[in-house]
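**Q** Chain by chain, the residues run as shown.
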Amino acid sequence: MAVLVIGDVRGGALDGATLKSVTAAKAIDADVDILIAGEGVDAAAASASDIVGVRKVLRVDDGVYDNNLAEPLADLIVALAGDYAAIVKSATSVGKNVLPRVAALLDVMQVSEVTEILAADTFVRPTYAGNAMQTVKSNDRVKVITVRVSSFDAAQLGGSAPTEAIDARGNPELSCFVGEELTNSERPELTGAKIVISGGRSLGSSENFMELIFPLADKLGAAVGASRAAVDAGYVPNDYQVGQTGKVVAPELYIAVGISGAIQHLAGMKDSKVIVAINSDEEAPIFHVADYGLVADLFEALPELNDALC
Amino acid sequence: MRARKGFGDKQASSEKGDIMKILVPVKRVIDYNVKVRVRSDETGVDLANVKMSMNPFDEIATEEAIRLKEVGIATEVVVVSIGPEKAQDQIRQSLAMGADRGLLIKTDEMVEPLAVAKLLKAVVEEEKPDLVILGKQAIDDDSNQTGQMLAALLGWGQGTFASKLEKDGDALKVTREIDGGLQTIALKLPAIVTTDLRLNEPRYATLPNIMKAKKKPLEIKAVDAYGVDIAPRLEILKVTEPPTRQAGVKVDTVADLIGKLKNEVGVL
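The listed protein sequences derive, respectively, from chains A and B. Under the numbering used here, the first residue of the first sequence is numbered 26, with each subsequent residue one higher. Under the numbering used here, the first residue of the second sequence is numbered 26, with each subsequent residue one higher.
Just so you know, the hints here were simulated from the structure itself, not pulled from any lab data. Since the structure is predicted, the reported quantities are computational estimates derived from the model, not experimental observations. There's no promise every hint is true.
Said to hold, decoys possible - Quick look at which bits of chain B chain A covers, simulated, 3 or more residues with Cβ under 8 angstroms: (1) 90 to 97; (2) 103 to 110; (3) 121 to 135; (4) 205 to 211; (5) 239 to 248; (6) 261 to 272.
Even glycine gets a Cβ: it sits at the ideal position worked out from N, Cα and C.
Please build the complete structure, drawing on both the sequences and the hints.
**A** Next up, the structure:
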């Protein structure tokens with residue numbers, strides 16, 4: 026039986042996380058459909074049909090799904106679930122919010138933040154902040170899983186799956202959207218970026234973050250992250266946090282500046298391909314996971330790094 | 026724009042509108058400072074002689090409920106835990122922080138989030154709270170499911186990953202931490218809220234309050250009393266250490282670093 030991937034729509038466009046979900050879904054079954062829901066989602070649906078290996082795109086054009094409210098979206102997914110062996114969604118804030126609701130309505134135990142798919146019913150997932158990896162077999166009829174996007178490669182583009190328009194399922198009106206405050210950024214999204222540069226508490230202030238980290242990020246085309254300590258100190262907003270309780274990233278290159286490397290933080294970045302650490306404390310645990318470590322004062326090293334890159 | 030209209034507009038605050046009963050589920054977990062060790066037989070993590078504490082997100086949930094009581098929005102805060110005899114310690118901690126009474130649903134089995142949600146649904150049907158505040162996830166299994174599942178089973182609205190709560194007429198305004206920023210939604214009550222880290226900073230229980238908490242009511246019931254099937258749906262095949270990363274090399278200068286990144290790994 027086929028797998029239903031719940032597409033990630035952001036501002037009317039398809040988010041790259043969906044490409045990762047498709048790769049995960051293909052490990053369960055060759056037939057993969059994608060659900061795209063929201064008002065005016067033609068562009069997102071077109072991007073979804075462009076993904077190689079997709080059987081069909083299910084498009085629901087209705088504003089009730091615009092803000093990803095859990096209750097109407099869960100009802101829609103549950104209505105479609107009967108035709109599928111598995112429901113897969115990226116473990117984004119939307120996936121984490123909506124999918125357990127779907128699972129409970131289907132009387133299924135969800136498998137959260139899957140990092141590896143061993144068989145159609147067997148999954149690996151992190152527990153204890155990534156300190157113990159659990160291999161679980163689901164005996165439920167439908168598998169409901171969220172996947173950690175940093176653990177899967179993006180599916181290729183160049184396909185041409187047909188799109189089928191389907192009906193909305195109405196709104197149970199248990200919640201309504203009031204507003205949102207998004208951090209405006211020209212920079213890539215943290216979880217999808219190829220390069221991430223993160224700052225820690227040693228930056229000392231939000232001004233230093235602005236002056237030292239951001240220009241370097243712009244030169245590298247990198248996303249900016251932070252340790253929990255830097256976020257708690259108010260240097261950058263909450264959604265910059267990399268770590269077990271923040272974002273989990275696995276870019277090609279992760280540059281940790283002035284970050285000691287608490288377990289909490291390591292859980293969020295240790296799967297990066299190449300890790301660079303710049304820290305004045307040569308005993309800092311971050312050096313235990315770094316491929317390249319530079320023991321230096323960040324206030325000297327960062328300007329130098331900035332000047333050296335053109 | 027139709028969705029923007031708040032529920033509070035529909036009718037004036039009802040008689041019950043301003044007083045709520047709150048249920049707070051709490052879980053006993055390995056203390057967050059403990060370095061977790063995977064058992065060599067790969068059946069799980071070592072729980073012997075390990076310090077146990079209340080799940081940190083549940084402390085935040087307890088704190089928020091108590092604050093709502095202190096400002097007169099809530100009348101009663103009931104704490105429930107599903108777990109072993111010893112989980113009474115965590116319930117007592119909530120009581121010492123200011124909750125009114127406790128309930129322990131006793132079991133030595135590992136209970137999955139779906140079964141926890143089913144048990145909590147039964148508790149909600151008995152206690153009839155207007156609001157259930159849960160931690161967004163437990164730091165042992167990191168599932169992040171129970172609150173959403175409970176909302177589904179009750180047919181209630183859900184405000185997950187909350188960083189701010191405000192009573193607004195008959196509705197509850199919840200500011201949520203989402204990827205890329207914050208989202209605010211209004212929930213029709215009764216409802217489910219799950220807490221994120223920055224909702225509040227939980228208080229420490231003072232010694233007099235710890236003493237007082239010993240006299241607060243704490244009822245213990247057997248899990249069987251609820252007629253809920255708690256048999257696990259997931260079979261844990263094994264638990265292993267995560268792959269470890271080798272430490273690399275130290276470089277002496279920024280120029281060295283750039284050279285390595287360009288020539289050895291080609292990432293710049």
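**Q** If a hint holds in the structure, say so; if it doesn't, say that too.
**A** How the hints compare with the structure:
| no. | hint | verdict |
| --- | --- | --- |
| 1 | 90 to 97 | violated (count 0) |
| 2 | 103 to 110 | violated (count 0) |
| 3 | 121 to 135 | violated (count 0) |
| 4 | 205 to 211 | holds (count 7) |
| 5 | 239 to 248 | violated (count 0) |
| 6 | 261 to 272 | holds (count 9) |
Checked against the numbered hints listed earlier, the structure breaks hints 1, 2, 3, 5; every other hint is satisfied.
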